[in-house]
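> Listed here are the chains, written in short residue letters.
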Amino acid sequence: MSKKRAVADILILLSVFIFPWWVTFIVATICLFIFKNFYEIFVFGILIDILYGIPIRRLPIPVFYTLLATIEYIVVAPLYLKLKFN
Amino acid sequence: MKMNYRLQNNKASFLSKPIVTSIVILVIAGFFYFFMPNFISETVYKFARPIWNVKEYVMYKVTNFWPLFTDKEKLIADNLKLKSDLEYAQTDLSILEYYRKENEDLKKTLGRTDGTKRIPATVLTKPNFSVYDTLVIDLGENNGIKKGDLVAVGDFVIGEIRETYSNYSKAVLFSSPGEINRVIIADGISADAIGRGGGNFVAKLPKEISVNIDDLVQMNSPSPKAFGKVESIELTETSSFQFILFKLPFNMYQINKVEVIKN
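One line per chain: the protein sequences are R and P, in this order.
Using the numbering used here, read the first sequence as starting at -14 and increasing by one per residue.
Using the numbering used here, read the second sequence as starting at 371 and increasing by one per residue.
Hints listed in this document are in silico derivations from the structure and should not be mistaken for laboratory results.
Since we're looking at a predicted model, the values are computed, not measured.
Hints may be right or wrong, so weigh each one.
[To be verified] Cβ pair distances, simulated, as ranges:
#1 R:Ile46 - P:Arg419: 54 to 64 angstroms
#2 P:Phe620 - R:Asn22: 39 to 49 angstroms
#3 R:Val12 - P:Glu412: 20 to 30 angstroms
#4 R:Val(-8) - P:Glu601: 41 to 51 angstroms
#5 P:Leu463 - R:Lys(-12): 54 to 64 angstroms
#6 R:Pro40 - P:Ile398: 37 to 47 angstroms
[Stated by the list, open to error] Cross-link-like lysine to any residue pairs, in silico, SDA-like; alpha carbons within 25 angstroms at most:
#7 P:Lys425 - P:Asp585
#8 R:Lys(-12) - P:Glu443
#9 P:Lys431 - P:Glu443
#10 R:Lys(-11) - R:Pro5
#11 P:Lys431 - R:Lys(-12)
#12 P:Lys444 - P:Lys425
#13 P:Lys416 - R:Glu25
#14 P:Lys425 - R:Asp(-6)
Think of the CB as a built atom: it goes at the ideal place given N, C-alpha and C, for glycine as much as any other residue.
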């Protein structure tokens, strides 16, 4: 893992605790375009669900941000490769 | 001359790898969620608490430092106005305290004590940190907190404890979108208060019922019972209903201390 990625991970991890969720996700989405296979976005989504989430309606566990991270990863990861080659 | 071009084969696997990776990660996360939920949550909160403490300290210092850059004359004028408002508020408060004491004494005489116990708590995270509209407080099972305990600010009930851990609890606000609570508006009119987020509610009533701005909205509980104050009323000529918009009389995103009401 490069130093840049490690620093980005630490900063985004701190933003999970300090800033509202949308700050974390905007920065994490940008990192999806910068770093290859940015799996850390899953960790950030799961962390936000654990810290602030409660079960909603019929779902037994909070999953909103985990799902958001999943969708972002599935959508953006192929775009990363296309952008790099083009 | 070297040519550099993208390989044309394996187009299908090019899309499937992110999906497979996502599924694997979600399965691993699901394993921990279902089989070790408290362990993960407790560990995360232990790590989060010092960060939140540092953040509150820094915010406190910045808030006190910022007024040095504002206009001094404006500050002096604001200070004098606030002192005057405070004197009036203290006078009203002492009268209210007298009536509250009288009310409690009358209840005791009639044998109608509500038996509730209030435990002060510190808010660790405010509702605007996520779409869940939850508060995290620094009390948990070790302090006798249970699911279903109410959370209040002064006389206003703002939420309910939904999840408890050893030393932390999560409370969901009654004003969270989708939350519905039975309330009493003005002179005993019962209605469903639907949360709209940020301390705001809406209730639907027939047009014929008279409701005024600033009417108090209450919960159907002994104490505390205040729920909000009517802010505006929306009605149209064609509809037979009116929409009562009410909210908490303070900023939800600035509360630092709450009380947990033990049943």
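> Next step is simple, just say for each hint if it's right about the structure.
Consistency of the hints with the structure:
Checked against the hint of 54 to 64 angstroms, the pair R:Ile46 and P:Arg419 fails, with Cβ atoms roughly 22 angstroms apart. At roughly 46 angstroms, the beta carbons of P:Phe620 and R:Asn22 sit within the given window of 39 to 49 angstroms. Between R:Val12 and P:Glu412 the beta carbons are some 27 angstroms apart, a value that agrees with the proposed interval 20 to 30 angstroms. The beta-carbon spacing between R:Val(-8) and P:Glu601, approximately 46 angstroms, falls within the hinted interval of 41 to 51 angstroms.
Our hint of 54 to 64 angstroms for P:Leu463 and R:Lys(-12) holds, since their Cβ atoms are close to 57 angstroms apart. About 20 angstroms separates the C-beta atoms of R:Pro40 and P:Ile398, a value inconsistent with the hinted range of 37 to 47 angstroms. As the CA atoms of P:Lys425 and P:Asp585 are separated by approximately 38 angstroms, the hinted pair breaks the 25 angstroms bound. For the hint linking R:Lys(-12) to P:Glu443, the alpha-carbon distance of about 50 angstroms lies beyond 25 angstroms, and the restraint is violated.
For the proposed pair P:Lys431 and P:Glu443, the alpha carbon gap of about 22 angstroms is at most 25 angstroms, so the pair holds. Between R:Lys(-11) and R:Pro5, the direct Cα distance comes to roughly 23 angstroms. Compliance with the 25 angstroms bound is thereby established for this hinted pair. Proposed proximity of P:Lys431 and R:Lys(-12) is contradicted: the alpha carbons are some 32 angstroms apart, above 25 angstroms. At roughly 29 angstroms between alpha-carbon atoms, P:Lys444 and P:Lys425 are farther apart than 25 angstroms, so this suggested pair is violated.
Of the pairs offered as hints, the one joining P:Lys416 and R:Glu25 holds, with about 21 angstroms between alpha carbons and a cut-off of 25 angstroms not exceeded. Using a Cα cut-off of 25 angstroms, the hinted pair P:Lys425 and R:Asp(-6) holds, with the two alpha carbons roughly 19 angstroms apart.
Hint check: violations occur at hints 1, 6, 7, 8, 11 and 12; the rest are consistent with the structure.
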